[in-house]
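Novice: In case you want the letters, here they are:
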Amino acid sequence: MSKQRLLSNLPQQWQMPLNWFGVLLLPPVWEVFLRQVYFTGIQAMGTVLLRGTVIGTFIIAYLIRELNADVAITTNILLLFVFREAGPLLAALLVIFRSGSAATSELALMQITGEVRMLRRLGVGLFDFLVLPRIMGITLATVMLTIYLQIVIVSGGIVFAPLLIDTSISQLLDSFLKTASLADIGYSLIKSLAFGLIISAIACYSGLSFRSREIGVVPQVVTRAMMRSFGYIMAFEVAFSYFVFGVLMFGLFEAEV
Amino acid sequence: MAESANLESATSSEIPLLSFTGIGNLRLAKPLVLRGGDRVAWVILSHTPREMLVSALALERETAPGQIRFLGQDLAQVSPTAQGLPQVLIVPRDGGLLANFNAWENIWIPFAYHNPKAMKDFPQRVRLMAEALGLSGNWMERRPTALSTWQRQAVSCIRALLLEPRLLVLDALFDEADGEEIGFGHSLIEHWPQLAPGLALLHLGAEPAAGLAFPALDWAHFME
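Just so you know, the protein sequences line up as chains A and B, in that order. Counting in this note's numbering, the first sequence tops out at residue 285, every number present. Counting in this note's numbering, the second sequence tops out at residue 226, every number present.
For reference, chain B alone in the conformation it holds in the complex (with noise of 0.2 Å):
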């Protein structure tokens, strides 16, 4: 049974960004329409139809034809950009950073390897991005292990939007989440439309309380 609470409805006569009718034993009776510039959440009580949506939306496993739609197209279909960029982007919970690099070189490695002539304004845009999720200090210089939780993942979530996704999702980055990754929630949720003009947010989790706790959501979606 699948329940919706609407903060604001979405309405558009562009090609949805996203369209979900289901996963594995999950099927939906009407499908899931995501678009650009939306920021929501969608809660999936079972554990493997949430992993086998995000493996999918990281073209890591293939669906069946129509269940999952990007741009019109099947998600099987979809390819990187003409630059070598994925278009959808995934941010797990612990950050899924490299141990043996420090949190500016983590944000710095994906996006010189895409754009190494367009280095110019990128410290510029890594402080601004910084600033608005909170970050502050000498977080640049530490390794992950000494970054709390909750600074990993604005340093992933900095090393994604960099990368300009048409989708950034946030794999139960807000699951079980303690004060401080509630604030920095509450902060990438604000400043979204500054961060990622045009881009979907989706944060995909368990916790039916991770999907309510953020009321600047544009809307919560809940499944078992």
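So here's chain A without its partners, still in its complex pose (with noise of 0.2 Å):
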């Protein structure tokens, strides 16, 4: 039976997913991809390491003081605050600040020189060319931005936290293995893929949607672009929170069971 064939013979709802992924195998589109991927996610990765490092080790350090923690409070500071919630979120600023701005500057670029103009007259499709690899790029490479940058910050927090408290790297290490489940990991899994999504989609759409031809105007877009991002993110870091763990606004309201 011919691919199409098979293809046509699937329900309507997975036609479209596995159309796309066709199209992500063909040369060109693939080559996009893995740049975006490299940009976004390989290329960002001494960014992360550093300033992971630093930021995680502060906030750890300065939870742990301010609240006289003992090995179960920091270990709920490493799961709770940096495995969940500060790690995606920063992964996120990260990717809006560096890939979610450039994509989008990009794209308004390319409408302004006539690129996009170009690549339709070649009829090559705008969305198979500039928006599929971009967006699972990005989305892509913000999960594995955030997988790394969890493991940089707790592990941070696991080697810097015996000099504050009375415990040692092993018996943290233990306790955070512990305490963490498959929930924890699914979560922040989820909410960095929606990050992703969320942050490559608005992009794409703020630099393809562009129509002035003044140069001048595309900061105005990234700006627009960037803070459009920010806003959706927390806006699904809330609602999801909400979701799964019945908190809102960090703890502060609960669900009523």
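Possibly wrong hints are sitting among the right ones.
DMTMM-like cross-link-like pairs, simulated, lysine to aspartate or glutamate; straight-line CA separation at most 20 Å [as the list claims (entries may be wrong)]:
| no. | chain 1 | residue 1 | chain 2 | residue 2 |
| --- | --- | --- | --- | --- |
| 1 | B | 122 | A | 59 |
| 2 | B | 32 | B | 76 |
| 3 | B | 32 | B | 220 |
| 4 | B | 119 | A | 59 |
| 5 | B | 122 | B | 107 |
| 6 | B | 32 | B | 16 |
| 7 | B | 119 | B | 166 |
| 8 | B | 119 | A | 156 |
Listing some non-contacts, in silico: residues in chain A with all C-beta distances to chain B over 10 Å [what the hints assert, rightly or not]:
| no. | residue |
| --- | --- |
| 9 | 73 |
| 10 | 139 |
| 11 | 149 |
| 12 | 193 |
| 13 | 213 |
| 14 | 264 |
| 15 | 271 |
Honestly, the hints are just simulated from the structure, not real lab data. All residues carry an ideal CB built from backbone N, CA and C; glycine is no exception.
Work from the hints to combine the two standalone chains into their complex.
Specialist: Right, here's the structure in full:
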């Protein structure tokens, strides 16, 4: 049975994602996807390592000191705050500032210089070549960066905390691994996936819907896209936390059970 | 008032590739007809009708019924081939290349998009076309900003020809052309039958000198 016939026999809701997957495997689309993953994920790792370590260590040190933390509280800080919330959020902010802005400005400039029109004239699908690989690439890279950032910050916290409280690295690591569950991993993965999709979709939409011919307007479009991404990410953060854990505003409000 | 400089008349009983009677405020007394294999220049002195014609040929603008016909049907009814390939391709004066990709990638992207399984002869075909058009050295690895105007135009022509459109439109490529650009133009027109057998070449410009500067052209037509 040919691929097309096999595809047409599938339910409607499966056909589009499988079509997209087929398009992603086209050599030029795959090339753009790999470049995006490299720029958003691989190139950012140095930045993440430095900033993640600094930010994470300061936050953890401050919280441990102010809360007069013991092993249990420190573990909760690392898990509930760093792993579940701060990790995905910090990674998303990094992606917005680096990749979201770059993607928006690149697409807007392509509109101004006529490259988008040229692609259309060559029969190259704009969604196929410009949007799909960016969305897939930025989303995958956001998930990768989130995992990387979580490892960096949690590791930094586990290494640094014994300097402040009466515990050892192995005790803290053991406590963390016992407390963390698959639900925590799933929760942060779903959040990072959603954040990546939001950032990339807004970047592509803002860049491609740019209609002005003035290059001076591009920074405004980029700023608007970044602020919009941040707004939608925070809205998702709040809604998802409430949906999963029944808590709003990082535990200030709880849902009635 | 329209004049023709007939360098060689084309006669054929086949359906004309393109039949043009006017656009915007431009109206021709007799339709201009283009056939497969023709290499022609149309000089339209007014900017607006020329821009409108380029947009119409790129299927970005609707035209009145009967004004422009492609293979016997109105331009608005022309659709890409079964493989999604456009039947008319435009080469702009600056080449229209993607700035973030080098010359090789610019040629490869649309071809690989439309023909992902036909890549076997691709490098050889590119090399042969590049030689015919005078491209040499490490042009493939250079980004568009590192290429001269005629090199960008040549890369754009190779990119378009590999997609095998029925008609290649050069949008004012040779208007105010320097020596190198004129040299490239001569190469393109001279090697056209080998580069694009059966395909038609149309240069749309605003400069009468460009229409007469290429003796290898089949004919040129001037319109105000």
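Novice: Compare the structure with each hint and give your call.
Specialist: Structure-based check of all given hints:
{"no.": "1", "hint": "B:122 to A:59", "in the structure": "holds, 18 Å"}
{"no.": "2", "hint": "B:32 to B:76", "in the structure": "holds, 17 Å"}
{"no.": "3", "hint": "B:32 to B:220", "in the structure": "holds, 18 Å"}
{"no.": "4", "hint": "B:119 to A:59", "in the structure": "holds, 16 Å"}
{"no.": "5", "hint": "B:122 to B:107", "in the structure": "holds, 16 Å"}
{"no.": "6", "hint": "B:32 to B:16", "in the structure": "holds, 18 Å"}
{"no.": "7", "hint": "B:119 to B:166", "in the structure": "holds, 16 Å"}
{"no.": "8", "hint": "B:119 to A:156", "in the structure": "holds, 18 Å"}
{"no.": "9", "hint": "73", "in the structure": "holds, 22 Å"}
{"no.": "10", "hint": "139", "in the structure": "holds, 13 Å"}
{"no.": "11", "hint": "149", "in the structure": "violated, 5 Å"}
{"no.": "12", "hint": "193", "in the structure": "holds, 50 Å"}
{"no.": "13", "hint": "213", "in the structure": "holds, 36 Å"}
{"no.": "14", "hint": "264", "in the structure": "holds, 31 Å"}
{"no.": "15", "hint": "271", "in the structure": "holds, 40 Å"}
The structure fails hint 11 only (numbered hints given earlier).
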